[in-house]
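In order, the protein sequence lines correspond to chains A and B. My numbering puts the first sequence at residues 53 to 391. My numbering puts the second sequence at residues 53 to 391.
Since the hints were derived computationally from the structure, they do not count as laboratory data. Among the hints, a few may not be true.
The list makes no distinction among identical chains, and a pair is therefore deemed to hold if it is satisfied within one copy or across any two copies.
[To be verified] Simulated pairs of lysine to aspartate or glutamate, EDC-like, Cα-Cα distance not exceeding 16 Å:
hint, residue 1, residue 2
1, K72, E103
2, K153, D164
3, K153, D172
4, K153, E170
5, K153, D371
6, K72, E106
7, K117, D87
8, K88, D214
9, K95, E298
Listed here are the chains, written in short residue letters.
There are 2 protein chains.
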Amino acid sequence: MSTAGNGKHGATVTMRDVAKLAGVSVATVSHVVNDKPGARIGKDARRRVHEAVEQLGYRPNALAKTLSRGTSPFIGLVADEIATTPFAGQIIHGAQDEAWKHGYVLLVANTDGNVAAENDAIAMMLEHQVRGILYSTWYHREIVVPESLHQTDTILVDCFADGSGLPAVVPDEEQGGRTATEELLAAGHRRIAFLNTTTPSPAQTGRLAGYRAALEATGLGFDPGLVLSVAPEQEGGYAATAHVVESGATAVFCHNDRVAMGVYDGLRERGLRIPDDVAVMGFDNQDVIAAHLRPTLSTVALPHYELGAAGVRMLLGVDAAPDDTPRLIACPPVRRRSV
Amino acid sequence: MSTAGNGKHGATVTMRDVAKLAGVSVATVSHVVNDKPGARIGKDARRRVHEAVEQLGYRPNALAKTLSRGTSPFIGLVADEIATTPFAGQIIHGAQDEAWKHGYVLLVANTDGNVAAENDAIAMMLEHQVRGILYSTWYHREIVVPESLHQTDTILVDCFADGSGLPAVVPDEEQGGRTATEELLAAGHRRIAFLNTTTPSPAQTGRLAGYRAALEATGLGFDPGLVLSVAPEQEGGYAATAHVVESGATAVFCHNDRVAMGVYDGLRERGLRIPDDVAVMGFDNQDVIAAHLRPTLSTVALPHYELGAAGVRMLLGVDAAPDDTPRLIACPPVRRRSV
DNA sequence: GTGAAAGCGCTAACAT
DNA sequence: ATGTTAGCGCTTTCAC
Chain A
53 MSTAGNGKHG ATVTMRDVAK LAGVSVATVS HVVNDKPGAR IGKDARRRVH
103 EAVEQLGYRP NALAKTLSRG TSPFIGLVAD EIATTPFAGQ IIHGAQDEAW
153 KHGYVLLVAN TDGNVAAEND AIAMMLEHQV RGILYSTWYH REIVVPESLH
203 QTDTILVDCF ADGSGLPAVV PDEEQGGRTA TEELLAAGHR RIAFLNTTTP
253 SPAQTGRLAG YRAALEATGL GFDPGLVLSV APEQEGGYAA TAHVVESGAT
303 AVFCHNDRVA MGVYDGLRER GLRIPDDVAV MGFDNQDVIA AHLRPTLSTV
353 ALPHYELGAA GVRMLLGVDA APDDTPRLIA CPPVRRRSV
Chain B
53 MSTAGNGKHG ATVTMRDVAK LAGVSVATVS HVVNDKPGAR IGKDARRRVH
103 EAVEQLGYRP NALAKTLSRG TSPFIGLVAD EIATTPFAGQ IIHGAQDEAW
153 KHGYVLLVAN TDGNVAAEND AIAMMLEHQV RGILYSTWYH REIVVPESLH
203 QTDTILVDCF ADGSGLPAVV PDEEQGGRTA TEELLAAGHR RIAFLNTTTP
253 SPAQTGRLAG YRAALEATGL GFDPGLVLSV APEQEGGYAA TAHVVESGAT
303 AVFCHNDRVA MGVYDGLRER GLRIPDDVAV MGFDNQDVIA AHLRPTLSTV
353 ALPHYELGAA GVRMLLGVDA APDDTPRLIA CPPVRRRSV
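Start from the sequences, fold in the hints, and give me the full structure.
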């Protein structure tokens, strides 16, 4: 085989072949193929080139183009966990769409949280001359930045590293918590329990702050007795149901959809109806859960797609990147039937 | 900026720089950097090169290497839906790991099922000289192959196209159905209901065939009265519970985990316990659901990671590709507490 | 053992 | 309006 690609049709058609067939020079071919602005090309030559391209099935070699032009068409995305959750998939999706829109292609690498794999991945991306790297985690948290990331432009997605100087884009946990609470408030609830996670994280503090802010903005003080720390899973929600019921709350804001799922079980066992007896609000909008619980779960969405897209935009400079503090992406409410 | 990449450190370090510093020729540098087999390089020159590389922070330009060597380091993955489901993410993950293992990099594109986007994606991959393309769908089905896929080596993943001549790799639905049923049989059940989907698909026919085969292999005839067609969602499972209970079945094999989730609700409402009164078996192993229902759901896993990995292996020729009929990947049982 | 030189497919001055 | 030519960074004969 003479060159890369085309494992099928054998010989690769190059610009030279087109030039020869069209009876022009490669420069001319280059100009018409790329529809160059200052292109003084005769109507006729232009036509002949197009015909030749058609006839030969010519396809420009993007790699050669890149090498020659000195500008990369790649954006790297390194993710810690692609598999564990649907979330990473959404980040990829958003990043890919946005990259595409700007003429870039996504190179993805999964590191499984393994440092060696991570360094390999970054090295490989650097060798492929990526325009920059999106470094993402599957849940919002603080990280320590791999040294090699500093060798190119990088944007932190769904994570941040204070003092690293790297721009970051993360979900607005506080606004999310506020929004969730406001949804409950708007439905008339006044005693709203909050099942927060036991895991220290931006989600833990942010959502709590939002819950509190919403309450106070409505003139309803913050009652610590209504806040419970639970394991961020079904089990946690299930186990906390007793406390919620005893507290006299008419609504629960759950740290995430899985906790809400557990609460559903707990409530059902007690013969309590959702939302009539107790309204339930989730967080995350994990589709498989939220859209299919009975009744369907009202929740607040984690904007993964947007995180990926915004990351690309910041990287390419179409959105300015706030250098000091992470860019916040809103968590919109998703109204279903549990409130 | 002189060339691609390195948006940070300005001037790119090339092999020439290394050669100059080491006092050797670029050919020598190339040889030692790539640790070439027939490399007649003096101990000393070798050392000097390594030092220069170190000192300059030299990183080979993978694109130039590709162009020059005429072999691509890319494998394209085009997926119809990355976002909708956790599944696509697993295919990406498997493909990425395996590609990586063989020195390839994954280029991903999402088409949202849009034909134009699909053609663009394929064209772009072809222009980037991909070694080949993995064309994947998020659920197992028959497809019609985009014309342009024939211009390179392609493997169909989680889908197939009879008569297209394209190798495919798909889950073994029949074995999966058999396995699920056998799990129930092994637990002593003799009346096993099957809640199949209403949607015509390889999953529908395959799982049914497997169910039937398992029953017959045990000498238990196939009772059509125990098979019900339901919408492949919670709602479908929930609605079918009455029928299951009336049928006198002591176990249900559900077309997928979501149906099982609905059955859980239906059973619970009737005060029936899982698995004591009725055992439940799912299919898909959707983590968010299966691992967190109460009790946790025994199910059969759709091998998405393996599909992606096997696709890459077939593409690269490390696994021989059966040309006529799709390569079947096993769906292993995942035992939890509902059986 | 090591180096010179001819590409790989394309772009971009610079000629003509 | 079109062609010539020199690279882009690297690999790879083939000489020395």
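Inset, instruction - Could you tell me which of the numbered hints above are not met by this structure, giving the numbers in increasing order? - result: 8, 9
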